[in-house]
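Starting from the known structure of chain Y, arrange chain G on it as the hints suggest.
First to last, the sequence lines map onto chains Y and G.
Note that the working numbering has the first sequence beginning at 1, numbered continuously upward.
Note that the working numbering has the second sequence beginning at 1, numbered continuously upward.
Bear in mind the hints are in silico, worked out from the structure with no lab data behind them.
Heads up, the beta-carbon is just placed ideally off N, CA and C, and yes, glycines get one too.
Every clue listed holds true.
Which stretches of chain G does chain Y cover? Using the computed rule of at least three CB atoms under 8 Å from a CB of chain Y, they are: (1) 202–214; (2) 242–252; (3) 276–284; (4) 290–297.
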Amino acid sequence: MSLPESSEPRPALAPKDYKRDLKPVWCPGCGDFGVLNALYKTLADLNLERHNTAVISGIGCSSRLPGYVAAYGFNALHGRALTLATGVKLANPQVTTIVAGGDGDGFAIGMGHFPHAARRNLDMTYILMDNRIYGLTKGQLSPTSEPDLVTKTSSLGNIERPIDPVTLALATGVTFIARTVSTNIKHMTEIFSRAIKHSGFSFVQVLSPCVTFRGKTQYKDYQGDGVIYLEQTGHDQHDFHAALKVANNGDAYQLGVIYHVHTESFGVRYTRLREAFKQDKNSAVLDVVNDFLP
Amino acid sequence: MDCRDLTLAIVGSGGDGVVSAGEIIVKAAAAEGLHCFLLKSFGPQIRGGESSCKIRLAVDPLLSIGEETQILLCYSWGDYKRFTEEIRLTKNAVIISDTDDKVADEDLPIEILGSQTWIKVPLNQLASVEVGNALTKNIVSLGVLEGFFRLPEKGIAGQIEKRFSKKKADLIELNLGAIAVGRKWAEDYERDFQPELPRFAEFTPCEPNLVLSGNEAAAMGALWSGLKFFSGYPITPATDIMEWLEKRLPRFDGTMIQAEDEIASCGMAIGASFAGVKSMTATSGPGISLMSEMIGLACMAEIPLVVINVQRGGPSTGMPTQTSQSDLLQACYCTHGDAPHVVLAATDVKDCAFTMTQAFYISEKYQLPVLVLLDQFVGQRVESVPRRELLETGIEQGWIKRCDRLTPDPAALAKNRYHRYQLTENGVSPMSFPGIENADYIASGIEHNELGYPVSHVGIHRTMHGKRYRKLDFIKEEMKFMRHYGDPQARIGILCWGSSKGPARQAMLQAEAAGIATRMLIPSCLMPLHSDTVQEFIDACDKVIVADSSYSAQFLTYLRTQVALPAAKLVDLHFVDGMPLPVKELKAKIEEVHHELA
Chain Y
1 MSLPESSEPR
11 PALAPKDYKR
21 DLKPVWCPGC
31 GDFGVLNALY
41 KTLADLNLER
51 HNTAVISGIG
61 CSSRLPGYVA
71 AYGFNALHGR
81 ALTLATGVKL
91 ANPQVTTIVA
101 GGDGDGFAIG
111 MGHFPHAARR
121 NLDMTYILMD
131 NRIYGLTKGQ
141 LSPTSEPDLV
151 TKTSSLGNIE
161 RPIDPVTLAL
171 ATGVTFIART
181 VSTNIKHMTE
191 IFSRAIKHSG
201 FSFVQVLSPC
211 VTFRGKTQYK
221 DYQGDGVIYL
231 EQTGHDQHDF
241 HAALKVANNG
251 DAYQLGVIYH
261 VHTESFGVRY
271 TRLREAFKQD
281 KNSAVLDVVN
291 DFLP
Chain G
1 MDCRDLTLAI
11 VGSGGDGVVS
21 AGEIIVKAAA
31 AEGLHCFLLK
41 SFGPQIRGGE
51 SSCKIRLAVD
61 PLLSIGEETQ
71 ILLCYSWGDY
81 KRFTEEIRLT
91 KNAVIISDTD
101 DKVADEDLPI
111 EILGSQTWIK
121 VPLNQLASVE
131 VGNALTKNIV
141 SLGVLEGFFR
151 LPEKGIAGQI
161 EKRFSKKKAD
171 LIELNLGAIA
181 VGRKWAEDYE
191 RDFQPELPRF
201 AEFTPCEPNL
211 VLSGNEAAAM
221 GALWSGLKFF
231 SGYPITPATD
241 IMEWLEKRLP
251 RFDGTMIQAE
261 DEIASCGMAI
271 GASFAGVKSM
281 TATSGPGISL
291 MSEMIGLACM
301 AEIPLVVINV
311 QRGGPSTGMP
321 TQTSQSDLLQ
331 ACYCTHGDAP
341 HVVLAATDVK
351 DCAFTMTQAF
361 YISEKYQLPV
371 LVLLDQFVGQ
381 RVESVPRREL
391 LETGIEQGWI
401 KRCDRLTPDP
411 AALAKNRYHR
421 YQLTENGVSP
431 MSFPGIENAD
441 YIASGIEHNE
451 LGYPVSHVGI
461 HRTMHGKRYR
471 KLDFIKEEMK
481 FMRHYGDPQA
491 RIGILCWGSS
501 KGPARQAMLQ
511 AEAAGIATRM
521 LIPSCLMPLH
531 SDTVQEFIDA
541 CDKVIVADSS
551 YSAQFLTYLR
561 TQVALPAAKL
571 VDLHFVDGMP
581 LPVKELKAKI
591 EEVHHELA
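Next up, chain G with everything else stripped away, as it sits in the complex:
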């Protein structure tokens, strides 16, 4: 059976090389112009421990990681136990396990159906005896997968060469040999037993796609936008951003500094922005909790600042390696006082880069903090993205050129006294920075007048609140930033946000295939929310499914503060965080709603 779209999972423990095998497959496919997804999942152990990756390869562009897995490569059933919820198999799945991993049938963590094909391969034996190096087990298994499922052969060889080129030369030969051993075993098995297997369709290789994670895309989007200063503190699952920038910022006259904690990293970014450069920090939920006071300072002192939150399961330490959409309310209301700021959310890997250009545009133009919500699902998954499309996101649309700060007019400075917090129509006043003559001022977290001098007058407090909040009115109209999908006439509407976009679109396509029309609205600018657009959408639908990945339905809670959601229309579909929005459940809900309406 030929497939243009193949899902695959690899499970094992840290030492099995699960992730490198996954990365080789994905990069091999992307090198030949295929589209792919890679989602890694780990246990909490520092080294070793169970790890898995889910892979999806396709000839056509992809929306999500896919729901059920067609092929499972399992090095150890013991490790698979941890992933029974995350990796579910199709009823025709092909399961490949190591002959050496002997587990009694009643101890298997899953029930293997009669309709599924289970092939036991002596992976360990092949590696240690045939190849002569037990460490090549993951590479032997790549050969087996290549042989059985027709994975891109040239691409895989190319990746092996690239991966080992910096090491000893004989390692390339050894690993190419390991591929051949695996492939031959698969070919022999096929000849002898002729199993019914899905095979990746023949395709014409084309221009390679880029392979990157959402965190990397976000970091690159920031760099494109003119980022010159990054301060951070290591935290899962956001650290990749700091690691990527550590090597790139210095090349472009920027600075990356690892701070002593998240309070310091946010403080440094604010200091750098005050000193005149585009600055940001990136963290996860616990870091935002620590930064909240600093974010309030940036609101009050009107300092441009971008803060990325790669969400993970909370509260407290929560589930550091698992995805979540449960920091939405924190993002909107994290700091004390009336603190106008902006919350954006990215929907997929490519969008991470685009969203960052928007974040810098808004924060620099309006001089306030912008929080960008990613999550582990979009931040750490790896996707193939056509190079041209990625460049288009920020650059060809011209956003990057626009994101510069309004500085005082030198002619005006020579004539009049500089008022840093001058009252203006849109609330934005020209901002100077050290180095500009006759424009020194005092920035402060204490309430201040137009000069920046501290005051405790209620009238001035009210006026300055008004100035700071006016910016949001302008941002709201300028940055509607709404994404519409599906049939504009559909009676069933879906409202969701962030990384739920991919799974939700997948569910919509499946529903469409079953003859059910749906439409979807995703606000990318969550605060300030263009509530009129959301309200129109709700009013035009007969039923509205509000979906997110948070235990307490945070998105619904937030929407209720912004729009009217009649109980008769509302379908609440929230999932506990820890997993991306499940396609199957959303599709089932769409069908249920459809029957109700009919």
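The shape of chain Y in the complex, shown without the other chains:
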């Protein structure tokens, strides 16, 4: 992200200033409340202008998030948030672009767009609120659901192997990858902040419990020995192979910045290309007719 330069000093906004007067539809105790609160704090910490921020989502419980943020927002189609965000960022590069959505939205129906967003390396942040279940449609299997999980569409247990979004992100060349948990607002805020400041495509998996359909286990799983903070293990976030090792969790969820590398963003490369085309020919838009002279 390149923070827009403001012409005159403006009063710093508090987290509450990024709150819209719309009541979330989420169930009481939903992990997504934590994500939303951390996002408010992040926006305030970075002092982002509301009118130069856009939060884009698809469809699902978590995709309702843009409606609760006092910034520009687009609650679009199931699985397609990254495509809209790509258009927003390319058309209006000064806009800090944040994509938010769930595991079904991003890694079932919308998975096809993920590797392409990754390889373009557009300057935007994708926050995955992963509850490993379909909540809005009331409790079906998700592509991140664990093996043997009993749901309304797997009454004898899940027979499919789940996707690990972080491993996938590494494989597709995402330049900033982190994992955090919605019960730790402080950690989330730090991670979001670093992700947004990263110049290029950043991806954050938030383990966000579904209180209604996964509440019995998920909150417990994400506590105590269930999680490891990479900041305390000496993990080298610039080492791809080390990143691959911690991506795959193992006995405990590995939280923190998993991988971080700098490569030029699409926007920078396109700006250069644009200049090259301009040097080639310099004419008014009406003069393009002359390209058709025989």
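Frame of chain Y; chain G shown alone:
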């Protein structure tokens, strides 16, 4: 025999240089101010395989590619088989084939009539022996055509120079030599055998005409209208639009991005439009099928969006390289729910540019998706267009200046809370975009209230439907966008749309020459259709021929939802897609109807 109008076809396989020969002829003619058409047709092969082009040259402006061909240059009879339906010859046609292409008479794919002239030319020999390079066969044959039919000599030499100027210098000389070899062969043959040949009339060269395809004209019309963002996915026959914009948009501070699929390309265009710039995508039928949900999103979130569909034969993969008018119903009803949007159709190459300026005007002013229907016949054919006329289409009529979006008034924003979907008389509410202070809002595909907040209240749903649909009432009255042709008193009427205009006008002129008056109505804005105008037209005619190029008569099906078409008046004339509307059949139908009325 001198002709002011000449039709010509070239047939061969990919390696024969059929298309480059055709392009040289057309550009040569246009450079001297002549009017021309070029229609390419290919087999499905990636490289090689049969290919053809039909060319028409004339001193006066043209309406269509012409029906039957006067001159056929056939490199290989084997390749001609694929085009027997598309390339039909006049009974006095001149056929030029390669001596080396030996086919027994009974194996010829056509019957060559006694009244036709068949000249076998050793094209291959001339190229490899006389010129010394077998690859110049197509250029040698240009020389032969030039010699026999008096094609514009200076123009052809000029095109050879232009085409090869960026390559090695001796290539120009080699190819000019190849022209001379061909021309000399033709002159010798004429002296020896004195065949009866059509010759292009003497004319005074004038200002050059532009040479461009409908796809290119559409892309340029978009650029003129202020297009700043294009996202697309390669698909025949629409890809030319993306390729043309790839080189131009960056020059004018715009962005072109090749998306991972059509859903993404439409999503990106919607995102860019939401972010404040004029955006579009272009595709063909299969792409529209994928984009349908996105088009519905643009209706619901009220996002300006232009989508071009260069139609091809369907359904499914269908006939990717063949023209069609069979996506009309898809264009009108592609998305689920009650989704108000606009469907426009372009009638010829020049009109592609004009239609795009209209599309942007409507989509930006009314904040909804506009689908623009072209087809392979208008999108990929090349036409000569006078430069002045092309510029007039959008610019001098002032459309381009007008197509800007209504944004919120800063004074109002300072005072009142911004309501993105504020209810208004014409349904259009001021639209902000990221960067405008105090006007942030949430756009959504879910039903929403005036603030943009999600609701599931049936009353609000009804109110918002009303708001979105009101726009169509205003567009309908503002954009009647009807084209009338022919004799306003005629008893026989023709209703057709899109690229059928050219062939239909040609048929009308032929009927007129035979003493039969007709009139024609072409709605360029198909949805919302100004049905009163169409109804008046139907009521005023004794017989109405409804013509299109779709197997299931989609235009007729659509009209039946819009107007009353009494069975006694109706003449249904639909053709299977794959070919442009055939002039001959339409003219025959006009004659038949005329006799019935008499």
